[in-house]
Amino acid sequence: MSQHTTEPPTSALDLAEEFLDRTTPLSRIRNTLHRYPAISPAIVLVVSVIVFGLLNDRFLNPANLSLITQQVAVVGTLAIAQTLIILTAGIDLSVGAVMVLSSMVIAQTTVQAGLPAVVGLFLGLLVGLGAGALNGFLVTRLKLPPFIVTLGTLNIFVALTLLYSGGATVRGGEMPALLTWTGSTFDIAGVNFTVGVVMMLLLYVAIAFILAKTAWGRHVYAVGDDKESARLAGIRVNRVLMSVYLAAGAILAIGAWIQIGRANAASPNAGFDLNLDSITAVVIGGTSLFGGRGTVWGTLLGALIVGVFRNGLSLAGLDVLWQTFAVGVLIIVAVSVDQWIRKVRK
Amino acid sequence: MTDTIAADAAGGASTETRTPILRARRLVKTFGRVVGLDGVSLDLYPGEVLAVIGDNGAGKSTLIKCLTGAEIPDEGEIFLDGKPVHFKRPQDARAAGIETVYQNLAVSPALDVAANLFLGREERRKGLLGSVFRMVDQKGMRQKAKDELQALGISTLQDVTVAVENLSGGQRQAVAVARAAAFGSKVVVLDEPTAALGVRESNQVLELIKNLRERGIPVILISHNMPHVFEVADRIHIQRLGKRAATITPESHSMTDAVAIMTGAARA
Numbered sequence: 001m002s003q004h005t006t007e008p009p010t011s012a013l014d015l016a017e018e019f020l021d022r023t024t025p026l027s028r029i030r031n032t033l034h035r036y037p038a039i040s041p042a043i044v045l046v047v048s049v050i051v052f053g054l055l056n057d058r059f060l061n062p063a064n065l066s067l068i069t070q071q072v073a074v075v076g077t078l079a080i081a082q083t084l085i086i087l088t089a090g091i092d093l094s095v096g097a098v099m100v101l102s103s104m105v106i107a108q109t110t111v112q113a114g115l116p117a118v119v120g121l122f123l124g125l126l127v128g129l130g131a132g133a134l135n136g137f138l139v140t141r142l143k144l145p146p147f148i149v150t151l152g153t154l155n156i157f158v159a160l161t162l163l164y165s166g167g168a169t170v171r172g173g174e175m176p177a178l179l180t181w182t183g184s185t186f187d188i189a190g191v192n193f194t195v196g197v198v199m200m201l202l203l204y205v206a207i208a209f210i211l212a213k214t215a216w217g218r219h220v221y222a223v224g225d226d227k228e229s230a231r232l233a234g235i236r237v238n239r240v241l242m243s244v245y246l247a248a249g250a251i252l253a254i255g256a257w258i259q260i261g262r263a264n265a266a267s268p269n270a271g272f273d274l275n276l277d278s279i280t281a282v283v284i285g286g287t288s289l290f291g292g293r294g295t296v297w298g299t300l301l302g303a304l305i306v307g308v309f310r311n312g313l314s315l316a317g318l319d320v321l322w323q324t325f326a327v328g329v330l331i332i333v334a335v336s337v338d339q340w341i342r343k344v345r346k
Numbered sequence: 001m002t003d004t005i006a007a008d009a010a011g012g013a014s015t016e017t018r019t020p021i022l023r024a025r026r027l028v029k030t031f032g033r034v035v036g037l038d039g040v041s042l043d044l045y046p047g048e049v050l051a052v053i054g055d056n057g058a059g060k061s062t063l064i065k066c067l068t069g070a071e072i073p074d075e076g077e078i079f080l081d082g083k084p085v086h087f088k089r090p091q092d093a094r095a096a097g098i099e100t101v102y103q104n105l106a107v108s109p110a111l112d113v114a115a116n117l118f119l120g121r122e123e124r125r126k127g128l129l130g131s132v133f134r135m136v137d138q139k140g141m142r143q144k145a146k147d148e149l150q151a152l153g154i155s156t157l158q159d160v161t162v163a164v165e166n167l168s169g170g171q172r173q174a175v176a177v178a179r180a181a182a183f184g185s186k187v188v189v190l191d192e193p194t195a196a197l198g199v200r201e202s203n204q205v206l207e208l209i210k211n212l213r214e215r216g217i218p219v220i221l222i223s224h225n226m227p228h229v230f231e232v233a234d235r236i237h238i239q240r241l242g243k244r245a246a247t248i249t250p251e252s253h254s255m256t257d258a259v260a261i262m263t264g265a266a267r268a
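Quick mapping for you: the protein sequence lines, in order, are chains X and U.
Residue numbers 1 to 346, in my numbering, belong to the letters of the first sequence in order.
Residue numbers 1 to 268, in my numbering, belong to the letters of the second sequence in order.
If you're looking for bench data, these hints aren't it; they were derived computationally from the structure.
Careful, some of the hints might be misleading.
What the hints assert, rightly or not - The list that follows gives simulated cross-link-like pairs (lysine to aspartate or glutamate, EDC-like), each with its CA atoms no further than 20 Å apart:
id: 1; chain 1: U; residue 1: 139; chain 2: U; residue 2: 122
id: 2; chain 1: X; residue 1: 213; chain 2: U; residue 2: 122
id: 3; chain 1: X; residue 1: 213; chain 2: U; residue 2: 137
id: 4; chain 1: X; residue 1: 213; chain 2: U; residue 2: 71
id: 5; chain 1: U; residue 1: 243; chain 2: U; residue 2: 38
id: 6; chain 1: U; residue 1: 210; chain 2: U; residue 2: 231
id: 7; chain 1: U; residue 1: 243; chain 2: U; residue 2: 71
id: 8; chain 1: X; residue 1: 227; chain 2: U; residue 2: 165
id: 9; chain 1: X; residue 1: 343; chain 2: U; residue 2: 165
id: 10; chain 1: U; residue 1: 146; chain 2: U; residue 2: 214
id: 11; chain 1: U; residue 1: 210; chain 2: U; residue 2: 148
id: 12; chain 1: X; residue 1: 227; chain 2: U; residue 2: 122
id: 13; chain 1: U; residue 1: 146; chain 2: U; residue 2: 123
id: 14; chain 1: U; residue 1: 88; chain 2: X; residue 2: 228
id: 15; chain 1: U; residue 1: 146; chain 2: U; residue 2: 122
Remember, it's a predicted structure, so these values are computed and weren't measured experimentally.
Pulled out of the complex, with its shape left as it was, chain X reads as follows (with noise of 0.2 Å):
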């Protein structure tokens, strides 16, 4: 109690460094992952790399390093929506089927409607915003928890999906030019890049920077990490909850674009499995499941270390199934990590 009358009263009010458990190396250590996360996905992502390139030369090689990203152009995309939802503390398990419902309207509308391309692009976005607008509405309107709104509308966009295709895949080559054009390859220094994949990356570079520099960024945050808090503090939160389901439906329609010229065609049986591989992105990404932490460079670090897993293993030979195998391994130990991370909050 002495130290009360040595002490001018402010100082009663300490440092913020005292309360940070800054005592042995592994805190620390912690302590940084936990303001940065990350840099866990990026050292595994690293490694990840050097190992692969160790056991194979051809993991290194420009056309396969090109192929990589190219097989994670549509479920990174799809992981941008997935991160923004996440954040809220939410969960989308419909974006796949969001996705695919897009692409087929797209399709159909300008095959065999024959409406011109752009149009049929700006149906697929009506639809992603439409599908956004209703697990919006349900998760703010109707206070459903967002795994059960979407875990409905993933049945009813499948079953929707296939009433409205009649099951039928639509071939790249009966469509426009610019439909596909996102699968059209250039080269930059050797490596082969898609149209799809600079979009990808277009759209982390705008989403990071929304979400970092803007107020509307922040409330997602503040949203996520505590929606009372927030709305005490005088955030409007169902809104600001419409506009991530809006958001993320946006960038599924692009992701449905991106699709179309991967797979040069548009089909309705591919692409649902999708919903788990941008959760698998998201999670091993750093970015928390409870909300409001996490980036979505974490997500394309993920995406990447999925696409370099399952190519990297490939390469060396092992079955398929141990790809997923190493997938799901991952995603424990990313959680695992996530969590022993999230104790520096007391």
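Given the structure of chain X, go ahead and fit chain U onto it with the hints provided.
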């Protein structure tokens, strides 16, 4: 004006010359057949700390909710700066300059101190970066947050870039109080600010309340903790059974007297 005189007579404080910044007149609030507030009046003068105490169910929460827009009184009037106000929701009260700090430490743990201070009222960059790209003025807000904390006497919380989750309970409460007191608010309402805190952290918050008074910001403090109330309050409004039992001062009455009035064992 008879109310004011009556109140002063009851409280024994000579405050006739000052005009209250916030005054409530004969507030009535019923919940079905339960009378939460039974004609309660309250005056808050500039630069004072007014404590509101009372047993559970005495109506102190209802009174505060009516003043901060969380409840709408059935009858009675509220004046802010002499003008009648009718709050329909908490945002209305905040817009009028009444800021409330809630018990449950309403801060966003993952955001840093500066982001929390400006949460919901972020400032944008000047020029195209702000108007077209909607960029927030991170640097400017951090500087202002620093200045604001310094002005409130929280100058030792220098690093406004620390995430709030890394702060102690007392420091989080300091951030919440600073957010309420910043940006030219007229009245700060603190609902049990020390209830969740330890001894040392409570002392930090009490210091902060004194700093607010020194800056001329009037404070309404709801608390169960008699020593805390008697340490910082200028006047003490005692609620009992939906009515104002008395308004006393720490000089005129002892803690035992206050408890006696609160429980009905004595009259003011």
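| If you draw a straight line from the CA of residue 343 of chain X to the CA of residue 165 of chain U, is it 20 Å or shorter? | Holds: residue 343 of chain X and residue 165 of chain U sit about 11 Å apart, inside 20 Å.
*asked:* So if I understand the rule, the pair passes when the alpha-carbon distance is 20 Å or less; does residue 139 of chain U with residue 122 of chain U pass?
replied: 12 Å, holds
Given the proposed pairing of residue 146 of chain U with residue 123 of chain U, does the C-alpha separation stay at or below 20 Å?
With a Cα-Cα distance of about 15 Å, the restraint between residue 146 of chain U and residue 123 of chain U holds, given a limit of 20 Å.
- Task: Take a quick look at whether residue 210 of chain U and residue 231 of chain U sit within 20 Å of each other, Cα to Cα.
- Result: The hint holds at about 10 Å.
Pair hint residue 210 of chain U and residue 148 of chain U, alpha-carbon separation not exceeding 20 Å: Given pair residue 210 of chain U, residue 148 of chain U holds - Cα atoms ~16 Å apart, limit 20 Å.
Quickly compare the C-alpha distance for residue 243 of chain U and residue 71 of chain U to 20 Å and report which way the hint goes.
-> Satisfied, since the Cα-Cα distance of roughly 17 Å is no more than 20 Å.
#### Entry: Straight-line alpha-carbon gap residue 213 of chain X to residue 71 of chain U, limit 20 Å
36 Å, violated
Can you confirm whether the C-alpha distance between residue 146 of chain U and residue 214 of chain U stays at or below 20 Å? With a Cα-Cα distance of about 19 Å, the restraint between residue 146 of chain U and residue 214 of chain U holds, given a limit of 20 Å.
**Asked** residue 227 of chain X and residue 122 of chain U: Cα distance at most 20 Å?
**Response** Cα-Cα ~18 Å, so holds.
* Between residue 88 of chain U and residue 228 of chain X, is the straight-line Cα distance small enough, at 20 Å or below? -> 19 Å, holds
> Under the criterion that the straight-line Cα-Cα distance not exceed 20 Å, is the pair residue 243 of chain U, residue 38 of chain U satisfied?
Replying inline: With a Cα-Cα distance of about 5 Å, the restraint between residue 243 of chain U and residue 38 of chain U holds, given a limit of 20 Å.
With a cut-off of 20 Å on the C-alpha distance, tell me whether residue 146 of chain U and residue 122 of chain U pass. Cα-Cα ~15 Å, so holds.
This entry does not satisfy hint 4, going by the numbered hints stated previously; all others are met.
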